[in-house]
Each structure stands twice: as structure tokens, then as C-alpha cells.
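Going down the list, the sequences are from chains A and B. Residues in the first sequence are numbered from 440 upward in steps of one, following my numbering. Residues in the second sequence are numbered from 94 upward in steps of one, following my numbering.
Keep in mind that the hints are not guaranteed to be accurate.
Unchecked claim - When the alpha-carbon atoms are kept at most 25 Å apart in a straight line, the in silico SDA-like pairs for lysine to any residue are as follows:
#	chain 1	residue 1	chain 2	residue 2
1	A	Lys608	B	Leu146
2	A	Lys492	B	Leu146
3	A	Lys566	B	Pro117
4	A	Lys566	B	Ala147
5	A	Lys492	B	Arg139
6	A	Lys608	A	Asn568
7	A	Lys566	B	Arg139
8	A	Lys608	B	Ala122
9	B	Lys101	A	Lys492
10	A	Lys608	B	Ala147
11	B	Lys101	A	Arg583
12	B	Lys101	A	Ser584
13	B	Lys101	B	Pro117
14	B	Lys101	A	Ser450
15	A	Lys492	A	Ser450
16	B	Lys101	A	Asn597
17	A	Lys492	B	Ala147
What the hints assert, rightly or not - Computed from the model, here is a short list of chain B residues facing chain A with C-beta under 7 Å:
#	residue
18	Met94
19	Asp105
20	Leu146
21	Gly152
22	Asp486
23	Asp488
24	Asp546
Hints in this document: simulated from the structure, not taken from any laboratory. For each residue, glycine too, the CB sits at the ideal point set by N, CA and C.
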Amino acid sequence: MVARLQRGDRSAVAVLYGWYGDRLYRQAILPRLPVPEAAEDVLRDTFRTVLEKIGTFTWQDRSVYFWLRRVAINKAMDAHRARQRDQRLADAAEREEELAGPARAPRPDAGLEQADLQRMIGLSLDKLNPRYAEALRMRLLEDRSREECAAHFGITVNNFDVLLHRAAKAFRENYPP
Amino acid sequence: MSDDAQGKLLADWLAGPPGAPPPPELDPAVVEAVLALRPERAPALRLSADDLLADLAAGPLVEAQAVPAGGAHPELPAPANAPRWRRWMLGAGGSSALLVAALALFALRLPKDYEPPAPAAPSAYDELAASGPSSEPEPEAAAGRAPAATTTATPTEPNPDPSPLAKPTVPPAEITLTEERKAKREDAATEPTPTGAFEPSQPASGAGGLGLLDAQRAPADTKPLGGEGQRRAEAEEEARKYASSSSSAPAVAVATPPASPPVSPPQAQSPAPPPAPAVGQSAAGTRVPGTARAGVDADMSAGGAASDDEAMAETVATAAPRGPRPRDRQILGGLPAPKASNVAEPVAMSEAPAPAKQASLEDLAEAEADDALAREQASPDLSVLRARAVPSDGDPRWMSAPAGATESSLRAAIVPPASTGQPAAVTATRWFLDRGRPGDAASAARAGLALGDANTPARAWLLVLLGDAEAASGRPGEAASRYRQAEALNASR
């Protein structure tokens, strides 16, 4: 694939985008920049950068996906900074990225994003009121029904909706950690 | 809105299918939190591979991009670059560029003690030629980077560097002229070289144009010129000399596009085409503003484009719409600001054909704008194109949505795999078109196209319907392009 791209085969772009576009969007960019329009801009910018510099890519026994992912994360961070003007969050995210260095992945193609995101989400949930964190875990991560969640908390479904709303707002204030 | 109402909105949204848009009244922070935890709830991507290709301005993949005859110049930065440029300057790239620029400035101070080589010694220009053609475009080299000889404007070499970085010139107030240089200029102007070509053995900072660094250094034997009027007169006199020398000696293609190897002295001495007007002159040879600084430009290019750092090239290319930097503005003084197209020269040097040098970059930009306008106004016969684009092997069931289908359910069906997602996208696109919503139709079609690039009837139909949406949105050119893509797919399927 990379060789085709380096030869200027434009049809390979569609293949590359089909392989990794949605994955980057949902697993690398949106969790760090959960604004769909901005995330699409970042994705577009990521592919533009990578495709323009594909000639410099050298094979290092790792999929080109990891290059794409690194570029996407960097650009998402930049966009995040521009949007939030919050250096603290960006620095924390970068520290988290450093902790998640490539050596921590046992296999480069196995669940890197999942582990990565789970840790980020876990860090943010840990900062929340435990009740909020539990509500988010049950409803959004475990995908349990409203009724089940409400029963767990011993409240009405409507009250659980309010609880979840407040929990989501609180989560956003702490995410990325 | 109260938390109760917000909670209800959130619950309703979460009860909907993935990809359904959130209620507009819902707190954005809540939406973002949900998307961070459940990114699959985000709307489908609206980007297609074609969009990505359309963004490219450099690299191997851009070379295959069709350039309309006599029209567009891909080196001109797209407006979409602007936000990226801002982000880039705010991020690490900006500091990198500043660092590179500082290093370049430092390096350029070294020739202060430069000893001009003996005429028989190989010049930096020879070294450049001997290094052979580069595998990658090196616009900076053409813009006057390392080889000093290429940036030295001798009287027989009328401003070889049309680099936009060279265009910001020293205002007359900063021009000083050494007696030695003046003498050399006059000699050279009256005595053109036997070959009428570039003299590669010219010293790097010798008889060339007046550089900013020279002006700043002002050695003891330099004589600051008198008042403003006198300085202008001197500068114009120099311009006339350059003009006369350019008419007697052809312009040397120092700034040859990298598609051809670096110019070697034998090439420079080969019979040359009719003299190309130097930058700063119109095609007719009449003087235009800026000509008076023609001699200054080459040395300026050495100070302005001395970095071979890739980021610097990107900086220059993406900085085009922003006009001159504050320092450039200061240097430019009262000169009119260069047009945006001027500043994208490093890319132009790598891709533009050689004849582009014969017209000013302003002309090229205007020509491109005219061509773009003409292309917009040229309304292709869409009905014919569409008739040829419609695939004969589609499934008619795709064209009608099931009873009770809603916008959200149709959108939610546009998911991998492409074998089912693209037909669903066809249905959704048609549904939106039937309701007079071409924007949503185009979005659905693009989402479907992004699912896969296999040459299937569904993909061809998506292109046709996307063309319909573009046409309905008043973009016949885009529509025609989509129809042609569909036709090509049909022909090769």
C-alpha cells in the first residue's frame, strides 16, 4: 500500500482511507476532540499531511496506521488547544501520551487504542463523584438500560436521566484527564 | 433549560440509533462527553477519498492531479490551509520555523569574511551542477539557498530568482553601494560576456546585487547614498542597467524547476530562447514597480529562503494568504504588498513549468482566477453526462426507502460493510434528494462512498446521486465531475 502511494497511485488513497479513516476518526480523534466537525477537520488534515509526506515514510516493521494515528493525535491535541485554550488539559493529555509510549503495546496492531482510551477514561472517571462515575459506566460503557441503572441507584428513571446528564457534564470538564 | 429537560433530551438521544444527530438544545458538553465515551454515536464521516486528494498540494500523489490547460496552478495554497497554518504557527511548527530562520540568518553572516575564489576554481554553482539532479524537488535551491553563485545577480544575470521571498526588497533608504560593485556593474553592463550567459565564477557576494546583509554590514569603503531622491535615482539607474543587460544577455534559468536537472554551465551557454524578461519586468519589457530593486532581489533571496528545512517550505507555502510578515512589511516600506500567489513560490519552483517564469506571478494568479471563473461559468451538459453515468446494473429497490423510514434510521444504516452500507446510502441520498435537501443528500452520499472503493453499482449510483446533489446546490462543475467518475466506474466494471 505504501509503495503504491509513494508511486503516486491515487486509487490507493481510497483504500487507505477505507481501512483507517473511520477508525482514526472514532478511536483516535473523537475521544480526544469529541466535536464531530472539528474531528473531521483533524482527520482531513491528518490525511493531507501524511499523503503529502508519504514519500518520506520508511518501513520500520510497523503499519502505516501508527504513523497516521500519531499524526492524528498530534493534530487533535493542537485543535484541542486552539479550542479550549487550556494548556493544562493539553499538557496532561501529552503526559498521558508519553506514558502510553509505543513500547507499552505488546503488539502494534492489537488493541492499542482500546487500552489507551480505557486508561484515559478511567483517569477521568476517577476524578468524578463516584455516583456520577458509576452512572456513566453503567449507562454508556456497559450500555445498560435506563431502567436497570435507575434500579441500581434506587431512583426513578427520570431522576437517573438527570443524574446522567450531570455526570456527563462533569466528565467533560475532566476529560481528557 | 432545566436539568430535567436536558436529562430527557439526553435519554431520547441515547435511545436513538447510533449516528443520529444529537438534539440541538442538548448541552454541547454533554454531547462531547457522550461522544468521548461512545464515539460510535458520532455522525458518519462525510469525507471521501476524493476530498482528501483534492486537499493535496504536494507529494507524489498530487502529480497525477489533472491541471486544466492554461489554468490552475496546484502550488497555490488552498484556502483550507489557513486554519491549519494558524494551528501550525501556534504549535511546535512555528517555533521550528523560527529556529530554522535564525540558523539560516546566522549562516548567512558567515560570508562576511568570504574570499572570492580564483576564477579557475570551481564555484558553488559548479558544485551544485555536479551534485546531479536531486530525487526530490528542492525549491529552496532554486530560490537561492546554498549555492551563492545562483543567488548572485550579475549584470548578465537579471534577477534569476523570481522567488517571492526575494521580492520583498530593501527600500531605497537602505541601499548602499560600494565603489567596487558599481564599477563592476558598469563594466559588465557595457561589456556583456562573450557567451552572453551566466558566469559561474562570479564570487558569491561580489559583484552581485545589493543584499540586505551588505546594506547592514556597510563596510568602510561603502558610500551611503545621499537623500531619498538620490537613492531612488541610483536604484532606478541600476534597474536600467539590468534591463539593458538582460536584453543583451538572456536570462539564465537558474531557477529551473526540479523536473530538469540543475543548470550546468554548458546548459547556460547553450543557445537561449528569446530573452525572458526578468521578474520585475512585464512581458513587453516595460518597467513595472519593483524593477528598481531587481539587483537587490537575488541577494535578498539568499537571506530570505536560506533554509532547506521542510517545515520552512511549508511555512512559506502556507503563509501565502497572510501577506508579508511584519518584518517584511517593514522592509517593503511603501511598496505594494506582494500578492498571495507570490509567496507560494517554493512549490511553484518545484512544479511549475519553465515558461511560468516569463510572466509575473501576479499575472499567473489573475489568469488562474479567470480560468476558474470560466470553468465555473461553463455549464456542461449535465443531462448527457448523467445519462452516461447511470449504471445499468443497479438494484431498483435502492431508490425507494421503506415505508416509515426516518432521517435518523436512514443515516444509521450507512455503516460498514460497504456491501450493505453503500446501497443504504443510495437509498438515503435519494430520500434526501426527493425532499429537496441536496446538502443532506451529498452528506449521505459521501458517507456511503467512504465505506469502500470497490467498483460496484452502488458506488456508481452514489456518485450519480452526489452529482445530482451538487447540481441541485448550484455546482454544475462538481456535478459533471461526479458523473464522469461514475461513467468511468461503469466502463471498467
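Okay, the hints, checked on the actual structure:
1. With a CA separation close to 38 Å, the supplied pair Lys608 of chain A and Leu146 of chain B exceeds the 25 Å bound.
2. Annotation: proposed proximity of Lys492 of chain A to Leu146 of chain B holds, straight-line Cα distance about 13 Å (limit 25 Å).
3. For the hint linking Lys566 of chain A to Pro117 of chain B, the alpha-carbon distance of about 28 Å lies beyond 25 Å, and the restraint is violated.
4. Simply put, Lys566 of chain A and Ala147 of chain B have alpha-carbon atoms about 43 Å apart, too far for the 25 Å limit, and the pair is violated.
5. With a CA separation close to 24 Å, the supplied pair Lys492 of chain A and Arg139 of chain B stays within the 25 Å bound.
6. Straight-line distance between C-alpha atoms of Lys608 of chain A and Asn568 of chain A comes to about 12 Å, which keeps the hinted pair within the 25 Å bound.
7. Proximity of Lys566 of chain A to Arg139 of chain B is assessed by CA-CA distance (about 35 Å); at most 25 Å being required, the pair is judged violated.
8. Of the pairs offered as hints, the one joining Lys608 of chain A and Ala122 of chain B holds, with about 6 Å between alpha carbons and a cut-off of 25 Å not exceeded.
9. Pair hint Lys101 of chain B plus Lys492 of chain A does not hold up; C-alpha atoms about 47 Å apart against a cutoff of 25 Å.
10. With a C-alpha separation of about 38 Å, the suggested pair Lys608 of chain A and Ala147 of chain B falls outside the 25 Å cut-off, and the hint is violated.
11. Proposed proximity of Lys101 of chain B and Arg583 of chain A is supported: the alpha carbons are some 17 Å apart, at most 25 Å.
12. Only pairs whose Cα atoms come within 25 Å are accepted, and Lys101 of chain B paired with Ser584 of chain A is accepted, the gap being roughly 14 Å.
13. Between the alpha carbons of Lys101 of chain B and Pro117 of chain B the distance comes to roughly 13 Å, so the proposed pair stays at or under 25 Å and holds.
14. Distance hint between Lys101 of chain B and Ser450 of chain A is unfulfilled; the C-alpha atoms sit about 46 Å from each other, more than 25 Å.
15. Of the pairs offered as hints, the one joining Lys492 of chain A and Ser450 of chain A holds, with about 17 Å between alpha carbons and a cut-off of 25 Å not exceeded.
16. Taking the CA atoms of Lys101 of chain B and Asn597 of chain A, the gap is near 7 Å; set against the 25 Å cutoff, the hint holds.
17. Proximity of Lys492 of chain A to Ala147 of chain B is assessed by CA-CA distance (about 15 Å); at most 25 Å being required, the pair is judged to hold.
18. The restraint placing Met94 of chain B at the interface with chain A is violated, with a minimum CB-CB distance near 10 Å, outside the 7 Å limit.
19. A distance limit of 7 Å between C-beta atoms decides the matter here; for Asp105 of chain B the minimum to chain A is near 9 Å, and the interface restraint is violated.
20. A cut of 7 Å between beta carbons decides the hint on Leu146 of chain B: the least distance to chain A is about 6 Å, and the hint holds.
21. Checking Gly152 of chain B against chain A: minimum C-beta separation of about 4 Å stays under 7 Å; hint holds.
22. Interface restraint check for Asp486 of chain B: the shortest CB-CB distance to chain A comes to about 21 Å, outside 7 Å, so the restraint is violated.
23. Interface hint at Asp488 of chain B: violated, since its Cβ lies 22 Å from the closest Cβ of chain A, which is beyond the 7 Å cut-off.
24. Checking Asp546 of chain B against chain A: minimum C-beta separation of about 4 Å stays under 7 Å; hint holds.
Violated hints, listed in ascending order, are 1, 3, 4, 7, 9, 10, 14, 18, 19, 22 and 23; each of the other numbered hints is respected by the structure.
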